[in-house]
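Chains as they are written, first to last, in my numbering: chain A, 1 to 420; chain B, 1001 to 1249.
Take these hints with a grain of salt, some might be off.
These stretches of chain B come out as covered by chain A in the derived footprint (C-beta under 8 Å, 3 or more residues) [as the list claims (entries may be wrong)]: (1) 1068–1075; (2) 1096–1104; (3) 1229–1242.
Note that these hints are calculated values from the structure, not bench results. Glycine residues also receive a C-beta, built at the ideal position from the N, C-alpha and C atoms.
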Amino acid sequence: MTRGIRLFGPWALLALLMLGLPTLFDSSFALTVLSLMGVFIIFSCAYNMLLGQGGLLSFGHAVYFGIAGYCTIHLINAVEDEAIWFPLTLLPLIGGLVGLVLGVLIGFVSTRRAGTTFAMISLGFGELFTAMTLVLLTFFNGEDGVQGNRVYEPRPLGISFGPEIEVYYLIAIWTFIATAAMYALTRTPFGRVSNAVRDNPERLEFIGYSTHRVRWLAFALSSFFAGLAGALHAINYEHVGFETVGVQTSGLVLFMTYIGGIGSFLGPIVGAVLISYLNASLSDLTEAWFLYLGLVFVLTVMFAPAGLAGLITMHEPLMRVDRSLLRRLALPYLAAIATTLLIAAGAIGLIEMVYHLTSDLAFDSKTTVFWIELDTEAPWPWIGFAVLLGAGLLAARRTYPQVSRIWDATVAEARARLLG
Amino acid sequence: MSALLKLSGLRKNFGPTEIIRGVDLEIEDGERHAIIGPNGAGKSTLFHLISGRYDVTAGHIHLREREITNRAPYEINRMGLARSFQVTNIFPKMTVFENILVGVLWEMGARYAFWRFVSRDKAVQARTAEILERTGMADRRDVPAGLLSYADQRALEIAITLGSNPDLIMLDEPTAGMSRSETQYAVDLIRDVSEQKTLIMVEHDMGVVFDLADRISVLVYGEVIATDTPARIRANQAVQEAYLGTMED
């Protein structure tokens, strides 16, 4: 019974969330963001099949996402022209097949070696396909990309997929199916062997497995799900542009997956949700959004390589020993979070003002930072943010070491209690 | 008895340096065979040639009459040869159980299957549990392998090797770096798991060698200078000279 709850509980919760979210947030913007989250949850989980599960770092996984998107939009247009007919609800499967075929072909070559070689080849294919979008105009239509109209006859149960809410539910259902399938994959012989090739490829060769085959299969399956996500992306926007194939999208999925955490299945989902949201809400608010994203990525790599999910799961052993141990960490954590916010506020203020000063789009020296209108030519805003930043950095010299000291002491005590 | 493994005229050069200089050796079905020799004699290289990690420069290797020269390691493994490594070579982030399970998967026919759950495969689960029990690691079943003690990691190394149910087990210095009591435990384990099988091992500890081996080959500068029973090897003049008395350690 408890085992069933532990296994199916999270999935039931996910299903409930997906069903209920549009009633809580029903603005057009919210629906767009929720749809985007679904697409990128699938894409990040697919990406983590390579990075987290199989130990393959790709810089060009958007190829399978983007090309599947182009094929989907062409198919939609073909249906529109009544050349063929195919139900919109099953188009993601076609996208997946496109990803799979490409993944099988390209993966055969690129997965012969892992590590740097694989990363380089993935980057090369990414650039190759980006270049193709600007050359093969009949298929890719250059920088304009390809448009489509997802509303076509017949309408099953009166669902036309015109309104955003209907597309959201289509994406939600596919997100549920795809993540459940990818989770199931981690529990199969393939999943185990995939972890083994990540941990120690040499040893795996001596217990009967071709590391090339294992990586190739992981790559092909990952490309299938990337293609599925790409098809949903095309349906959602009714447009596919060259940037969906390129290094920017490849980088985005890498950032989402890594910042969320590659060590657990939940990590990429957390990353996709968080960064999709920030991407949609902040990119209109600030020109420096990608700078912040890059900074967060670098800080994650340096200080929290297990990602956000890792930061949470590292407390699980403490929870199991004694819940009250966590209380000791609460105050140091609050202090560290407060100083981090102070540093962030100061740094963001300074960056925003620099961006405003150097921007060609600015009419005058006035800009709005944190809902306050400031004059970038006056000294006071600069001094104010510099003081915030300085105070934060000074405080951090006390609060950060305190966190690690109390953390170490707590872990030591938990271990002593466990063994003693 | 027939030869399970046959090496003929085996040579290996690294650039101009000859490491293995014409080795002829027959390992018989069911025997425990130790390969000894001074440092740099080429013992580990010989293991790498047989198991497919290195390509040979010249010569042939036959496993049960089938040529395995320069085949890929995974192909050789599927023909019934499994080996351990001198430097511990396990899957550090996976649990002890998963480590052994991965070793079992191919032999049990699971291959690259991605359409069924590992936990539902009763045969794989049973075989993994059996090896776990047999190698005395049942109480550390869910510990990540990277956190095990050194001696336990060596035992796990052997456990992974057993997974594919090989006819021929090759162990490269299984007791290196172990304390006396750990060594005794390892010897008992090796004797137990090589029952009804063929064993080749490289070993520096002469106590272990004379305790376990039915026959011993002495490798010196890439050549086998003697192959015989432990008693006759101990008395052999050439071996005495090559080792300069270190055999009595």
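Results for each hint:
no. : hint      : result
1   : 1068–1075 : holds (count 3)
2   : 1096–1104 : holds (count 4)
3   : 1229–1242 : violated (count 0)
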